[in-house]
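Chains A and B, in that order, are what the protein sequence lines are.
FYI, the numbering for the first sequence is 0 to 316, going by numbering that gives the first Met the number 0.
FYI, the numbering for the second sequence is 0 to 97, going by numbering that gives the first Met the number 0.
Since the hints were made in silico from the structure, they are not lab data.
Just so you know, even glycine gets a beta-carbon here, dropped at the ideal spot from N, CA and C.
It is possible that some hints are incorrect.
A short, non-exhaustive set of chain A residues, derived as facing chain B with CB atoms under 10 Å [as the list claims (entries may be wrong)]:
id, residue
1, 28
2, 78
3, 88
4, 92
5, 157
6, 301
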Amino acid sequence: MTDSSADPAPLVADFEARLDADETIEPRDWMPERYRRQLVRMISQHAHSEVVGMLPEGNWITRAPSLRRKIGLLAKVQDEAGHGLYLYAAAETLGISREQMIEQLLAGAAKYSSIFNYPTLSWADIGAIGWLVDGAAIINQTTLAKTSYGPYARAMVRICAEENFHKRQGFEILATLAAGTPAQHAMAQDAVDRWWWPTLMMFGPPDGESPNTAELMRWKVKPRPNDELRQRFVDLAVPQAKAMGLTLPDPELRWDEETGTWRFGAIDWEEFRRVVRGAGPMNRERLRVRREAHDEGRWVREAAAAYQAKRRAPAGA
Amino acid sequence: MDAPRDTQGLLWEVFVQEEGGAAHVHAGSVHAADREMALQSARDVYARRGRVASVWVVESAAIAATAPADRASFFEPAFDKVYRHPQFYKVPRGVRGI
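Construct all of the structure, not just a fragment, from the sequences and the given hints.
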């Protein structure tokens with residue numbers, strides 16, 4: 000039995016006609032149960048990714064090499080927190096509470112972007128994350144700004160407007176290192192070598208193997224297929240790497256005159272599945288830190304709740 | 000007394016005015032225990048880059064809204080009143096400024 004079998008056919012037809020007319024679906028509109036569930040899954044994973052994404056970078060705030068770098072990174076990490084909050088709020092409009100989503104994350108039941116299960120070994124990694132990881136995220140999010148679910152699309156518009164600074168601060172960090180001493184250049188190259196392939200995996204499995212893509216595209220939740228977005232990213236990144244004097248760790252990378260795109264080598268999807276399953280280098284550590292932060296903040300939430308209860312108590316009671 | 004619950008607080012809707020004189024526009028939501036915390040949180044979440052003249056917060060539960068199912072019947076009276084638009088009224092050719 001599928002979930003959608005319970006949805007009344009006339010309502011489904013009406014819903015799909017609205018999508019065909021490029022109408023936006025809003026929280027109180029009728030929607031198929033599968034649409035709701037797919038969106039909750041997608042938006043909450045996206046929110047968790049923003050929140051967990053703060054960890055590998057937050058780790059470097061105290062070690063930023065200059066004040067300019069430090070204020071930039073602080074502002075970026077604060078943005079990621081904000082993006083997580085926009086997205087949790089968008090997911091909440093579908094009937095799941097923020098408590099539930101946070102519980103799922105802390106229990107290890109929810110997924111987040113696998114990219115954050117790789118370690119940030121040097122300062123150059125902060126540059127590589129901004130340039131590559133945020134660069135890839137922008138491509139994905141720009142298309143999601145046209146997704147059919149209104150609150151998700153509006154959160155994406157807000158996020159995209161803020162992400163460009165993330166990408167540029169990353170590029171500046173890497174370009175500066177690449178133009179520095181031989182040791183700094185090597186540090187930048189090492190970071191790019193480690194982050195390149197995991198970044199390509201961020202776009203998800205190839206279209207034929209992605210379990211959700213067909214349905215999500217039919218409902219205009221996901222406007223473009225994974226492979227197309229991955230290609231768009233590679234075509235942007237190759238000349239940018241060249242401009243910095245850095246190479247990309249793919250011996251098969253070559254310009255294809257015919258298609259006007261950069262052809263790249265095979266992605267190690269076995270590694271991707273391994274990390275998604277929880278066997279990445281940092282999966283345990285990320286959740287451990289996240290749980291610790293949640294536990295350490297408990298007294299603040301409890302104090303706020305007690306204050307709220309006191310203020311709401313009838314006068315003189 | 001029961002121990003306080005570990006909660007994310009109440010849900011508030013945030014409206015942001017980008018410059019004096021403009022309308023306040025819905026920006027999103029925040030969780031907070033009271034108005035003051037909601038305003039501070041709204042500033043941190045929705046006003047990190049200037050271009051904000053004022054912020055309103057209101058508890059989500061306090062908002063009344065039309066239901067999608069009522070769209071037709073609720074707004075229908077506005078559809079056929081062409082006489083509420085200036086184009087309905089005739090002005091002789093050559094008359095200007097009206």
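Hinted contact residue 157(A) with chain B - closest CB pair below 10 Å:
holds, 7 Å
Restraint outcome when residue 301(A) is required to lie within 10 Å of chain B by C-beta distance
Holds. Min distance 4 Å.
Evaluation of the interface hint that places residue 78(A) against chain B, nearest CB under 10 Å
At 7 Å from the nearest chain B Cβ, residue 78(A) passes the 10 Å test, so the hint holds.
Quick check on residue 92(A) please, does its C-beta sit within 10 Å of some C-beta on chain B?
holds, 8 Å
Holds or violated: residue 28(A) as interface residue toward chain B, Cβ cutoff 10 Å?
Result: holds, 5 Å to nearest chain B Cβ.
Close enough to count: is the Cβ of residue 88(A) nearer than 10 Å to one in chain B?
Nearest chain B Cβ about 4 Å off; hint holds.
Going down the numbered hints, you'll see the structure goes against none, and every one checks out.
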